[in-house]
Structure formats: C-alpha cells, structure tokens
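S.K.: The whole structure should be built from the sequences, with the hints applied where relevant.
If you read the sequences in order, they're chains A and B. Each residue of the first sequence is one higher than the one before, counting from 1 in the UniProt record's numbering. Each residue of the second sequence is one higher than the one before, counting from 1 in the UniProt record's numbering.
Treat the hints with care, since some could be wrong.
[What the hints assert, rightly or not] Subject to a maximum C-alpha distance of 25 Å in a straight line, what follows is the list of computed DMTMM-like cross-link-like pairs (lysine to aspartate or glutamate):
| # | chain 1 | residue 1 | chain 2 | residue 2 |
| --- | --- | --- | --- | --- |
| 1 | A | K57 | B | E30 |
| 2 | A | K57 | B | D11 |
| 3 | B | K57 | A | D45 |
| 4 | B | K57 | A | E152 |
| 5 | A | K98 | A | E168 |
| 6 | A | K12 | A | D112 |
| 7 | A | K12 | A | E101 |
| 8 | A | K98 | B | E191 |
| 9 | B | K12 | B | E144 |
| 10 | B | K98 | A | E144 |
| 11 | A | K57 | B | E131 |
| 12 | A | K57 | B | E144 |
| 13 | B | K12 | A | E66 |
| 14 | B | K57 | B | D11 |
| 15 | A | K57 | A | E152 |
| 16 | A | K12 | B | D33 |
| 17 | B | K57 | A | E168 |
| 18 | B | K12 | A | D56 |
| 19 | A | K12 | B | E82 |
| 20 | B | K12 | B | E163 |
| 21 | B | K98 | B | D33 |
| 22 | B | K98 | B | E131 |
| 23 | A | K12 | B | D139 |
| 24 | B | K98 | B | D139 |
| 25 | B | K12 | B | E152 |
| 26 | A | K98 | A | D139 |
| 27 | B | K12 | B | D45 |
| 28 | A | K12 | A | E185 |
| 29 | A | K57 | A | E144 |
| 30 | A | K12 | A | E30 |
| 31 | B | K12 | A | D139 |
| 32 | B | K98 | B | D112 |
| 33 | B | K57 | A | E144 |
| 34 | A | K98 | A | E131 |
| 35 | B | K12 | B | E191 |
Note that these hints are calculated values from the structure, not bench results.
Number of protein chains: 2
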Amino acid sequence: MNQHIQPVPLDKAYRLLTHGPTVLVSGHFEGVDNVMAAAWACALDFAPPKLTVVLDKATRTRALIEASGRFVIQVPTAALLELTNRVGNRSLDQHPGKLREAGVALLRLGGDTLPFVAGCAAWLECRLVPEPHIQATYDLFIGEVVAAWADERAFRDGHWQFENAGPEWRSIHHVAGGQYYAIGEALRAQED
Amino acid sequence: MNQHIQPVPLDKAYRLLTHGPTVLVSGHFEGVDNVMAAAWACALDFAPPKLTVVLDKATRTRALIEASGRFVIQVPTAALLELTNRVGNRSLDQHPGKLREAGVALLRLGGDTLPFVAGCAAWLECRLVPEPHIQATYDLFIGEVVAAWADERAFRDGHWQFENAGPEWRSIHHVAGGQYYAIGEALRAQED
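M.R.: In structure tokens form, the structure reads like this:
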C-alpha cells in the first residue's frame, strides 16, 4: 500500500465529506468492478458515521451495490478531474473498457474484492443500510462507514490540509457539465 | 426587494447546491422565526427539484419546519462567515435574541411569513415532503423546491460566477468547529 495512505478514525470520518466534495462511488459484484462520479453525496451522522448518496437507476454501479450491499465513497482531487468527469459521463454498459479508458487504477484497501480508486485524497468503505422505500422513490442510498483512509498529504490529524498541499490535492466540486470548482481558501470564524 | 435578487428557473435550481456549500436553514411558525446552519444539505433531484437536509432533533428550526411543512435553504457567502457560524452554534431556546445578536436580517421573498436571510447568494423555498420514517430514524428531511432566487452578482444565466465576483461572494464549506473553506478556482474538464 502507498505509504501515505493512513487510516482515519471513524469519529473523524464525517469530516471527509462535510465540505461537500464531488465523490467517486465504486462497487463490485461477481467479478465486475465499476466506478461512477456523484456530486450528490453528503454526510448523515457522526457515530456511527453514515452518509447519503444519490444513485440513478440507470447506473451499473447502483446494481452492483444493491447486489453486494457494499460500496466505497472516495474523494477525488484536482489531479483526477478528467478521470472523474469521464467515469461520470460514461456507462459501463455502453463502454465495457470504461475504467481503463478513464485511467482508473484500483486498490483493494479493504483487503477483499471491494475496489478503491488510486490517487484519491480519502476513501470511506460503506455497508449499505437498506431503506427500500427511499431507494426506489428518490434513488437515495444510505451507507454506514465501516472504515476510512486518507492520503496524509491531503488530510491528517483529523483535518484537511488543502492550504498546506499543492493545488493538485484540492477536492473538486461539480457545477454542471464539465464545470467544477476546486476547494479554496481556508477561513476561520471567531470563537463564539 | 434588492434589485440584484433575480428568480432562478426551477430546472437550474439544483446547481445552487451541487457544489456542496454549507447552507442556512430558516423556518417560521406562529410568529416565531429561526435560522440555523447546516453543512449536511444536498441536492436530490432535478425536476421537480428536491433536496435533503439533516436537522438534529435538538434544533428549534426543525420543530418550526415540522409544524409548518415549509422551509428555506439559502447559500451564505464568505461575507456571512461569522453570521453562519453564530446561528450554527447558538440555539434559540438558550438565546432568544439569537438572530439579532448574529446580525441576521430577514427578507420575505416568498410574499408571506417565510423568512429568507438577507445577504445570501441564493435562496431555495421548499415544501417539506413528509417521510416520517427517515425523519425520525436519521434526522433526514426532504424538500421540494417550489421557487428559487439568486443574487445575480454571484449566480446568473444558470451558473455560479465566483470567478467573476469578489472573494466576499464565495460560498463557504464547513469542516469542523469554526473552520471553513471558501470555494476556489474554476476548473473545466475536456469534452468527452
């Protein structure tokens, strides 16, 4: 494993998503890996940490997650802008070589078949919390985070380090089409 | 009304939240206004536009929303950093003068009692979509956006204008405690 990838304590895992980055969602079932982009992912709880993610019915990744009950939410960086946009635009059904064409390299951080996208800033391994009504009605999925890791160059000691890292480490935040914003300047509010 | 506040077409309303800003949530019931901060808000659907927001059981704003079935999600700017942090830290129950002390000025953009926070970059007026099970189990609320507005200095022609506006107009993205990031540099992925 890359020496920079370090476990994140579960009580700090919510901080990986609280600032609202666009994420990559990955899953695996019966020998098939897939990765998609999702701008609509959000922290849901602190302990145990949970999150929500919107997965369209047309996506192959959703089918893998429904079949396996597991998935990974990972935070791509500005260095992965093109990769993120490509896996968001292309379906595995129409593009069987999608992951290779988008330059996706997979790690198996969790120690089994679940695929993690190399080069991200952080990874949250999730167990699907089944809620069939909201999955069917709103395409809304709930995950409980069972393990988390981050690249210490982007996140360490429980905090993002964007102001101390190169611009290629910034999280990216989708607007529409191919348009994104990188995360920006650190701001600190006064003690209340 | 401030001449810079313009309606946003409902089919573009999702773009106000897709980049993951921290928001202010406001509500009103029987003469009581309140405003809270929420980092865990997310777009949910395009048409009709919907969103999710996590509202802790201890918040007075949640009670107002459950009683009235209506709320506003608004996008504060870097200029409202202190206001946002204060309304996020203080409860109306312990601080009856909370809104005045935090410097909150309210507009009535919707034409009735629903309160909108002046100075924000965008406002989404929502109807609560009742889902009692996920409200009770996960503190997760779904809103359907029935009208939206933006300050044209920050969002116009269906797009955020952060790269063309002063830094005080940037959306803010919470990390933890008083720590936030402003949204940053515009990035454009290649056509696929």
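S.K.: Please go over all the hints and tell whether each is borne out by the structure.
M.R.: Now the hints, each set against the structure:
1. K57(A) <-> E30(B): Not OK: K57(A) and E30(B) at ~41 Å, beyond 25 Å, violated.
2. K57(A) <-> D11(B): At roughly 20 Å apart (the allowed maximum being 25 Å), D11(B) and K57(A) satisfy the hint.
3. K57(B) <-> D45(A): holds, 13 Å
4. K57(B) <-> E152(A): The given pair, whose Cα atoms are some 35 Å apart, is violated under the 25 Å limit.
5. K98(A) <-> E168(A): It holds: about 23 Å lies between the C-alpha atoms, which stays within 25 Å.
6. K12(A) <-> D112(A): holds, 24 Å
7. K12(A) <-> E101(A): Given that 25 Å is the threshold and the Cα spacing comes to 34 Å, the pair is violated.
8. K98(A) <-> E191(B): Given that 25 Å is the threshold and the Cα spacing comes to 16 Å, the pair holds.
9. K12(B) <-> E144(B): Judged against 25 Å, a Cα distance of about 14 Å means the pair holds.
10. K98(B) <-> E144(A): Violated: K98(B) and E144(A) sit about 34 Å apart, past 25 Å.
11. K57(A) <-> E131(B): holds, 21 Å
12. K57(A) <-> E144(B): holds, 20 Å
13. K12(B) <-> E66(A): Judged against 25 Å, a Cα distance of about 30 Å means the pair is violated.
14. K57(B) <-> D11(B): violated, 32 Å
15. K57(A) <-> E152(A): Distance ~35 Å between K57(A) and E152(A) Cα, so the pair is violated.
16. K12(A) <-> D33(B): Between K12(A) and D33(B) the Cα gap is close to 33 Å, so the pair fails against 25 Å, i.e. violated.
17. K57(B) <-> E168(A): It is violated: about 39 Å lies between the C-alpha atoms, which goes past 25 Å.
18. K12(B) <-> D56(A): holds, 18 Å
19. K12(A) <-> E82(B): holds, 24 Å
20. K12(B) <-> E163(B): Distance ~19 Å between K12(B) and E163(B) Cα, so the pair holds.
21. K98(B) <-> D33(B): holds, 11 Å
22. K98(B) <-> E131(B): violated, 30 Å
23. K12(A) <-> D139(B): holds, 20 Å
24. K98(B) <-> D139(B): holds, 23 Å
25. K12(B) <-> E152(B): holds, 14 Å
26. K98(A) <-> D139(A): Holds - the C-alpha atoms of D139(A) and K98(A) are around 23 Å apart, at most 25 Å.
27. K12(B) <-> D45(B): Holds, at about 11 Å.
28. K12(A) <-> E185(A): holds, 21 Å
29. K57(A) <-> E144(A): holds, 21 Å
30. K12(A) <-> E30(A): violated, 32 Å
31. K12(B) <-> D139(A): At roughly 20 Å apart (the allowed maximum being 25 Å), D139(A) and K12(B) satisfy the hint.
32. K98(B) <-> D112(B): holds, 22 Å
33. K57(B) <-> E144(A): holds, 20 Å
34. K98(A) <-> E131(A): Measuring from Cα to Cα gives roughly 30 Å; hence the hint is violated.
35. K12(B) <-> E191(B): holds, 21 Å
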